[in-house]
Amino acid sequence: MSVGIVGYGAFIPRRRIKLEEIAKVWGADAPSYRRGLQLNEKSVPGADEDTVTMSVEATRNAFARSGGIEPAEIGALYIGSESHPYAVKPSGTIVAEAIGATPDIHIADFEFACKAGTESMFVAQSLVKAGEVKYAVGIGADTSQGAPGDALEYSAAAGAAAFIFGDDDERILAEVVETYSWTTDTPDFWRREYMHYPRHGSRFTGEPAYFRTTMSSAQGIMEMAGLEPRDFAHAIFHQPNGKFPMRVGKKLGFTQEQLETGWLSPWLGNTYSGASPIGLTAVLDIAKPGDLILLTSFGSGAGSDSFIFRVTDRIELVRDRAPGTRKQLDENQIYVDYGTYAKLRGKIRMGE
Amino acid sequence: MISPGRSWREFPQRYRLEAAKCETCGKIHYPPRVACSKCGGTTFENITLPREGKVVTFTIVRVPPAGFTEQTPLPIAIVELMDGVRIMVQIGDLADPSELEIGMPVRLEFRRISWDGEAGLIFYGHKAVKS
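In order, the protein sequence lines correspond to chains S and H. When we follow my numbering, the leftmost residue of the first sequence carries the number 1, and every step to the right adds one. When we follow my numbering, the leftmost residue of the second sequence carries the number 1, and every step to the right adds one.
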């Protein structure tokens with residue numbers, strides 16, 4: 001019996017802000033940021049969009065590709081995010097109510113900086129594998145914020161990806177071949193309770209955190225599965241900016257061709273818990289039956305979840321039943337100026 | 001502002017677009033009613049409205065009530081869905097309200113409708129966006 005993805009979907013807000021628009025407000029040198037971070041623009045959530053709304057739309061897209069799974073058949077639903085709209089009151093209950101999956105369902109909200117999305121996927125697939133539930137949904141979604149003027153402000157973006165896991169062979173579009181997590185206590189990025197913006201260890205977020213953790217997790221899962229980079233059609237890594245995922249991929253031995261389909265951050269920004277999961281949806285949008293896919297997330301604090309998927313024939317049948325990820329990224333954008341962005345992101349102090 | 005109890009009672013129609021179809025005459029009511037406005041029937045079938053439609057008419061609210069001020073200008077439209085049911089709904093994702101026109105094809109997306117300040121409840125539902 002195998003377990004795999006039986007439905008997948010993404011949601012990307014339409015608003016965008018260009019890197020130059022942010023740089024000019026803070027007097028930063030846009031070309032050097034563009035070169036250094038390999039970022040062009042990022043998504044911006046509207047005042048009416050949050051982790052819950054994006055999760056609902058991504059999950060609806062996943063159902064559209066599931067070939068008729070009923071919401072009532074979902075036994076568990078998990079949302080990983082660091083921007084849950086409430087500090088106390090789960091996001092998952094709202095999403096489950098909206099898709100019609102309540103009340104026979106187990107729900108939890110996860111948090112682990114940028115890897116909360118793959119955490120929810122890991123637990124969802126594990127429950128299906130254990131035979132506890134028939135189908136389980138794992139979601140990664142964020143509307144994250146960087147402090148005004150901080151380097152993070154050029155990347156912190158919004159988006160969501162949802163995956164339905166199941167074990168009925170006729171519905172599996174990508175089988176889970178292997179999973180592996182690599183986790184240590186590494187203080188590279190944090191946000192204390194009641195604080196609006198996160199803080200980070202600047203250059204410490206690179207080699208000792210992102211690169212060490214991502215590479216250890218990716219190398220670990222490939223060793224477990226007896227596979228090498230050349231065996232994969234696609235590899236997706238966490239995307240805190242445009243530069244890191246390409247660099248870590250190449251250090252591991254992957255080629256540009258294996259990396260570029262899931263490499264969305266130069267135009268999307270860093271969608272935190274949504275980042276590598278949305279990359280996976282972009283890969284599934286074009287993957288061929290038999291393709292092996294490596295997915296390695298990274299969450300500050302720090303850990304990396306890795307998955308190896310094998311794509312099945314079913315992908316050809318279902319992928320066009322919902323809007324493609326690249327289409328959402330490349331079409332119908334609404335460009336906003338910094339003033340509008342500051343208003344939408346709650347950066348302006350309002351009267352009582 | 002809407003009370004927690006009232007918002008909770010409206011989840012089926014606001015979250016899942018559930019409507020009541022009169023079992024006597026077939027008229028669809030959204031939101032659901034106790035008695036059919038056409039035939040007086042009191043038994044209904046629970047149906048889910050389609051999420052695609054087109055704008056029948058609209059207005060732009062420039063001085064909105066409390067809870068909506070951050071969304072000014074606030075476009076409100078009557079949208080006719082694929083099954084002929086007409087609903088009143090906010091329009092989302094407009095770069096400029098002048099983009100809004102009668103006949104515009106729209107899709108309903110799950111959005112925040114309003115919120116009770118920084119500390120109160122967030123009220124979710126559907127908005128129509130250009131499809």
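Keep in mind that the hints were calculated from the coordinates and are not lab data. Just so you know, these numbers come straight off a predicted model, no measurement behind them. Heads up, some of the hints might be wrong.
[Said to hold, decoys possible] Selected chain S positions facing chain H (in silico; Cβ < 8 angstroms):
| # | residue |
| --- | --- |
| 1 | G46 |
| 2 | D48 |
| 3 | D50 |
| 4 | V52 |
| 5 | E57 |
| 6 | P85 |
| 7 | I94 |
| 8 | E97 |
| 9 | H200 |
[To be verified] Using 27 angstroms as the maximum straight-line C-alpha spacing, the simulated DSSO-like pairs for lysine-lysine come out as follows:
| # | chain 1 | residue 1 | chain 2 | residue 2 |
| --- | --- | --- | --- | --- |
| 10 | S | K343 | H | K130 |
| 11 | H | K27 | S | K327 |
| 12 | H | K27 | H | K38 |
| 13 | H | K54 | S | K18 |
| 14 | S | K327 | H | K38 |
| 15 | S | K288 | S | K250 |
Ideal placement from N, C-alpha and C gives every residue a C-beta, glycine not left out.
Hint-by-hint comparison with the structure:
{"no.": "1", "hint": "G46", "result": "6 angstroms, holds"}
{"no.": "2", "hint": "D48", "result": "4 angstroms, holds"}
{"no.": "3", "hint": "D50", "result": "6 angstroms, holds"}
{"no.": "4", "hint": "V52", "result": "7 angstroms, holds"}
{"no.": "5", "hint": "E57", "result": "6 angstroms, holds"}
{"no.": "6", "hint": "P85", "result": "6 angstroms, holds"}
{"no.": "7", "hint": "I94", "result": "6 angstroms, holds"}
{"no.": "8", "hint": "E97", "result": "5 angstroms, holds"}
{"no.": "9", "hint": "H200", "result": "25 angstroms, violated"}
{"no.": "10", "hint": "S:K343 to H:K130", "result": "23 angstroms, holds"}
{"no.": "11", "hint": "H:K27 to S:K327", "result": "38 angstroms, violated"}
{"no.": "12", "hint": "H:K27 to H:K38", "result": "7 angstroms, holds"}
{"no.": "13", "hint": "H:K54 to S:K18", "result": "32 angstroms, violated"}
{"no.": "14", "hint": "S:K327 to H:K38", "result": "44 angstroms, violated"}
{"no.": "15", "hint": "S:K288 to S:K250", "result": "23 angstroms, holds"}
In summary, the numbered hints that this structure violates are 9, 11, 13 and 14.
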